[in-house]
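For chain A, the structure is supplied; the task is to place chain B on it using the hints.
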Amino acid sequence: MNRNYPNDLKIKNRKKLPTTEFMDNEKLFRAFDERDLDETDKIKLETVRFPDFSCDWSRFSKPGHIRYRINGSMTDGCYSFTVLTSRYKEIATPVHDPISDDKFPNYAHVEVRELSEGESIYFEPPKNRKRRTGSSKQRRLEYRQNMVNNLFIDLNPSEQL
Amino acid sequence: MLTSFQANDIFDTTYTQDTLKTNAQYDKAIYGKALEQVTDINERIEPFLKGTLKESNESFTIEIKDFPDPAAEQIKSSIHAIKLPNKWVKEGIKPPNFLSKEIAEQIAVYIYTTFHLFPNRVSASIEEGVFLNYRNFNKEKDLSLEVYNDLEIAAIINQNDKILKTFDIKSKDPEIYSQIIKSFYE
Chain A
1 MNRNYPNDLK IKNRKKLPTT EFMDNEKLFR AFDERDLDET DKIKLETVRF
51 PDFSCDWSRF SKPGHIRYRI NGSMTDGCYS FTVLTSRYKE IATPVHDPIS
101 DDKFPNYAHV EVRELSEGES IYFEPPKNRK RRTGSSKQRR LEYRQNMVNN
151 LFIDLNPSEQ L
Chain B
1001 MLTSFQANDI FDTTYTQDTL KTNAQYDKAI YGKALEQVTD INERIEPFLK
1051 GTLKESNESF TIEIKDFPDP AAEQIKSSIH AIKLPNKWVK EGIKPPNFLS
1101 KEIAEQIAVY IYTTFHLFPN RVSASIEEGV FLNYRNFNKE KDLSLEVYND
1151 LEIAAIINQN DKILKTFDIK SKDPEIYSQI IKSFYE
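Protein chains in written order, with the working numbering: chain A, 1 to 161; chain B, 1001 to 1186.
Bound conformation, chain A alone (with noise of 0.2 angstroms):
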């Protein structure tokens, strides 16, 4: 583990909350590069991922945080959205899925899972769950297209920290 790593982000025997614990005005940090952006640098639709897309939690981490990562780098910058803005008309909810790897632990580490019809923003979505058949595309692009409008740049690619 590099000697720098955030102490924030390890484990320390903490343990997994539940989804009741995340609160509508917390926010969930998650990593971009420079051609994430368009020309008015602004986050591009395309590269917004969904479901079931990491994130780290505001509670226990910082935005230059997500440089700590497998495949991350020490110039990605770092957008966030609130947890209100990831439970978009209950389409999803952030799930608390804390990592124990020896170079990258995470404690931090938030997965936003897609959730059926008729399941409440606590329940937890298992991980790796099986898209629904049918779920709609346009349902999914109008949840990006929220997120996109409704995030925040915290930390420009390349930023000092």
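Just so you know, not all the hints are guaranteed correct.
Unchecked claim - Quick list of in silico lysine-lysine cross-link-like pairs, DSS-like style, CA-CA up to 30 angstroms:
1. A/K10 with B/K1087
2. A/K127 with B/K1094
3. A/K130 with B/K1076
4. A/K130 with B/K1141
5. B/K1182 with A/K130
6. A/K42 with A/K16
To be verified - Among chain B residues calculated to face chain A with C-beta under 10 angstroms, some are:
7. H1116
8. N1120
9. I1156
Since the hints were made in silico from the structure, they are not lab data. For glycine and all other residues, C-beta sits at the position ideal for the given N, C-alpha and C.
Quick look at chain B alone, frame taken from chain A:
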């Protein structure tokens, strides 16, 4: 590159030899310099226009055969040239497949030829398929359209960070695109 204005204005016209020699617009469009001789016009014009020049005693008629619209060709080639960013390859994202590119190409060319709209951005989508973006600068609207590798199609219109309309495009009837473009411009 010739514009459609020049093509319509010049090539569907019969010119006298005298006009050909002196018409500056023609010279500029075809050669970019003064036309000194017209005797070898076919040889000079054919590779460029894919058309022919017929010569009679006093006039020349240019017949255009399957003259490709450069803008439509540009749209097609930009879609077929789409590549996946390296970081997505590492994540196991699949590139747009041949059929999604073919359909995206047909849609983009239809929108161009029918509504004269040129895509602002053409790229791969992280959701595996082709992404097309159109921008209405006057109304600050964005139309984004995705053709996925499973050949489903979805579109969304956004204005000033607000979602206006979304579409699941299941119909093969091009009328759906008229409705989308109407929403994009109203």
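Open item on the list: A closest beta-carbon separation below 10 angstroms is what the hint needs, so does B/H1116 meet it against chain A?
Closed with: 21 angstroms, violated
Open item on the list: With the threshold set at 30 angstroms, check whether the alpha-carbon distance from A/K10 to B/K1087 stays at or below it.
Closed with: Holds, at roughly 25 angstroms.
- [ ] Using 10 angstroms as the Cβ threshold, decide whether B/N1120 counts as touching chain A.
- [x] 9 angstroms, holds
Task: A/K127 paired with B/K1094 [C-alpha distance capped at 30 angstroms] - done: Roughly 21 angstroms separates the two Cα atoms, so the pair holds.
TODO: Would you check whether B/I1156 satisfies its interface hint, that is, whether its CB is within less than 10 angstroms of any CB in chain A?
DONE: Hint on B/I1156: holds, closest Cβ of chain A at ~5 angstroms, below 10 angstroms.
TODO: Sort out whether B/K1141 lies within 30 angstroms of A/K130, counting only the CA atoms.
DONE: Violated. A/K130 to B/K1141 sits at ~35 angstroms, over the 30 angstroms cutoff.
Open item on the list: Checking one constraint from the list: CA of A/K130 to CA of B/K1076, max 30 angstroms. Satisfied?
Closed with: With Cα atoms ~34 angstroms apart, A/K130 and B/K1076 exceed 30 angstroms; violated.
Open item on the list: What's the verdict on A/K42 and A/K16, does the C-alpha distance respect the 30 angstroms limit or exceed it?
Closed with: 33 angstroms, violated
Open item on the list: B/K1182 and A/K130 were given as a pair; does the straight-line alpha-carbon distance stay at or below 30 angstroms?
Closed with: 37 angstroms, violated
In the structure shown, a violation is registered for the earlier hints numbered 3, 4, 5, 6, 7, in ascending order.
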